[in-house]
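Student: Residues per chain are reported as follows:
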Amino acid sequence: MTTPLPPGIQLEKVDDRIMTLNVGPQHPGSGHMRLIIKVDGDYIVSCDPDPGYVHRGEEKMAEYRNYIQNIPHLERPVIHDSSNILYPYCLAVEELLGIEVPERAKYIRVIAAELNRCIYTLYWLAIYGIFLGHSTMFMWPAGDRELFIDLLEAMSGARVTHAYLVPGGVRNDLPANFEERCLRQVDYFEKRLKEYQAIFYKNPILISRTEGTGILSRTDAIRLGTTGSVLRASGVNYDIRKKEPYDVYENMDFETVVMKEGDSYARSYIPYLEMFESCRIIRDAIRKMPKSGSVRTKLKPNPKGGNDEVYKRVESGRGELGYYIVSNNRPEPYRVKISVGSFRNLICMPYLLKGELLGNMPSVYWGLNYWPVEADR
Amino acid sequence: MSSENEKDEQPSDTVAAHSEDTESLSKDEAKKFYEEKGIDFSPDSPIHPKPIPPFEKSISDKIASKFNSKINVDYVRESRIRVSTKKEDILDVAFFIRDELGYDHAVSVSGVDYPDSKEIEVVYHLGSYTDEKLASQVLTLATRVPREEIPNPGKDSSRMTSLREVFYSVEFHERECFEMFGVYFEGHPDNRRLLLPEDWADIPPFRKDFKIKGR
Chain A
76 MTTPLPPGIQ
86 LEKVDDRIMT
96 LNVGPQHPGS
106 GHMRLIIKVD
116 GDYIVSCDPD
126 PGYVHRGEEK
136 MAEYRNYIQN
146 IPHLERPVIH
156 DSSNILYPYC
166 LAVEELLGIE
176 VPERAKYIRV
186 IAAELNRCIY
196 TLYWLAIYGI
206 FLGHSTMFMW
216 PAGDRELFID
226 LLEAMSGARV
236 THAYLVPGGV
246 RNDLPANFEE
256 RCLRQVDYFE
266 KRLKEYQAIF
276 YKNPILISRT
286 EGTGILSRTD
296 AIRLGTTGSV
306 LRASGVNYDI
316 RKKEPYDVYE
326 NMDFETVVMK
336 EGDSYARSYI
346 PYLEMFESCR
356 IIRDAIRKMP
366 KSGSVRTKLK
376 PNPKGGNDEV
386 YKRVESGRGE
396 LGYYIVSNNR
406 PEPYRVKISV
416 GSFRNLICMP
426 YLLKGELLGN
436 MPSVYWGLNY
446 WPVEADR
Chain B
100 MSSENEKDEQ
110 PSDTVAAHSE
120 DTESLSKDEA
130 KKFYEEKGID
140 FSPDSPIHPK
150 PIPPFEKSIS
160 DKIASKFNSK
170 INVDYVRESR
180 IRVSTKKEDI
190 LDVAFFIRDE
200 LGYDHAVSVS
210 GVDYPDSKEI
220 EVVYHLGSYT
230 DEKLASQVLT
240 LATRVPREEI
250 PNPGKDSSRM
260 TSLREVFYSV
270 EFHERECFEM
280 FGVYFEGHPD
290 NRRLLLPEDW
300 ADIPPFRKDF
310 KIKGR
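Chains A and B, in that order, are what the protein sequence lines are. Residues 76 to 452 (this note's numbering) are what the first sequence spells out, left to right. Residues 100 to 314 (this note's numbering) are what the second sequence spells out, left to right.
One chain only, chain A, in its complex shape:
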């Protein structure tokens, strides 16, 4: 007589061949999420993603606070891309309240957003490196990221969670000599980026582990509604900055990076190439920015939204990031929905991992540009 098993627990028989593995929920590099993977030998039979370990109810919290009080907590899902997650919120609130943003503030926002995109991508790249056992690729981006963190610290006063973008503009003006300092660091960074190519992207070990794994065809990428670098790696030329330009992106000189392969290598290469484009945008924005002027439109105290709804979106480090805000003549929003790229790309995971080698799981998983904390919100 054996003791009864606790509810929810099953014993696997030896002759089943199929073994269930729990990958996670603890992850050393990112937030917590679990993949329930069934394997037959070395091959993955099925994968069932189980997010929700870092669900904080940001959308619910936003219903209790007014439009200004919402700023700092809404950037928490991706603290290393905090400008880009606040950007659509500011655009949406400006649309609701009918606020005009000063010209100089629009350029400063673009600079902050692109600096933050680099910060995010470098962090992502560092973890990509350590996922594949390449510890130099962990150290280099993590170190170079400090350059941009210092720049944003000079802009806003905080290193990571700076809440710099606010409805109506940015919180404060740029410090003296910021332009020269920023250009110098961008020049240095571009030199460093070329070294990444030699040590990481032309590394035969990386190529053998990522090329041809987890192929997502163009049709599937569209059907599954993927976004960001995953979409562009499958040959779809779609970038919100080009297709629905916000603020001054239509004046900026940059290209959308598209690759047709649709494999893990393309998905790892596109964010890297986009950092060059970010550098171009930063240079261009500094050149075209008005040299003086107001940076923030003052709001009335406790602004109310009217009976309205708005959907605004930007291109973040992980793809399209949109805010759907419903207001009902109250200082607090009636409903806030954050539509994030990570959550939309999650649906690819069961598709890409089916039939894949278990050893290719880390590169496929991290190549999806997935940030668990943002996906759970």
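Since the hints were made in silico from the structure, they are not lab data. Please note that a few of the clues may not be correct.
[To be verified] The following label-pair restraints were derived from C-beta to C-beta distances:
{"#": "1", "chain 1": "A", "residue 1": "Arg-256", "chain 2": "B", "residue 2": "Phe-154", "range": "41 to 49 Å"}
{"#": "2", "chain 1": "B", "residue 1": "Ser-216", "chain 2": "A", "residue 2": "Leu-258", "range": "50 to 58 Å"}
{"#": "3", "chain 1": "B", "residue 1": "Pro-152", "chain 2": "A", "residue 2": "Asn-403", "range": "43 to 51 Å"}
{"#": "4", "chain 1": "B", "residue 1": "Pro-245", "chain 2": "A", "residue 2": "Arg-256", "range": "36 to 44 Å"}
{"#": "5", "chain 1": "A", "residue 1": "Lys-88", "chain 2": "B", "residue 2": "Pro-245", "range": "26 to 34 Å"}
[Claimed, not checked] One side only, chain B facing chain A, incomplete, derived with CB under 10 Å:
{"#": "6", "residue": "His-224"}
{"#": "7", "residue": "Glu-285"}
{"#": "8", "residue": "Asp-301"}
Note that the Cβ used here is the ideal one computed from N, Cα and C, for glycine as well.
Once you have looked at the hints, place chain B on chain A.
Tutor: Frame of chain A, contents of chain B only:
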């Protein structure tokens, strides 16, 4: 001293700004206002009609001519069209939007709870990757399902047809909507919980009657 005066004055300013809201004109007043200006006023038209850009108008005309009385098409703002429909018709409308208009993926699916009218609104935001002209457009497809005072997710009348057959990308979004609002999607292959813990035993948390502790 002057700063204190400012603080006192500012709130009253905002109250004034909101009380002179022109949308609160009664219909007779509005009619008089429009007649004085020589504008044709029909009682059914919204009091402040926004001019629709030609491209958005061509899309909304296409949907309106196909389904005329079954749906309600609004122009919200630039690149944003809103289509509201009954939940019985949503599958037909969604197939039309995909096949005839060229929208191919769902950007987000959100629920909005309206306890006063005992309804939950399910809002699909749809976009297009394949049609270059639609790239900047987001079409809002909204429908309302009944809302029960004491929810019993999956077993009560808060249910509608899943759009997964039409837009494959809604799969996880609808799972999230089911657990957060208790709206059951018929025909969805996998109606399990996604973000909430397995042992969650309270009402769906994004409903308005679920209060955060201490607030």
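Student: Would you pick out the hints that fail for this structure and give their numbers low to high?
Tutor: Failing hints, ascending: 3, 4, 5, 7 and 8.
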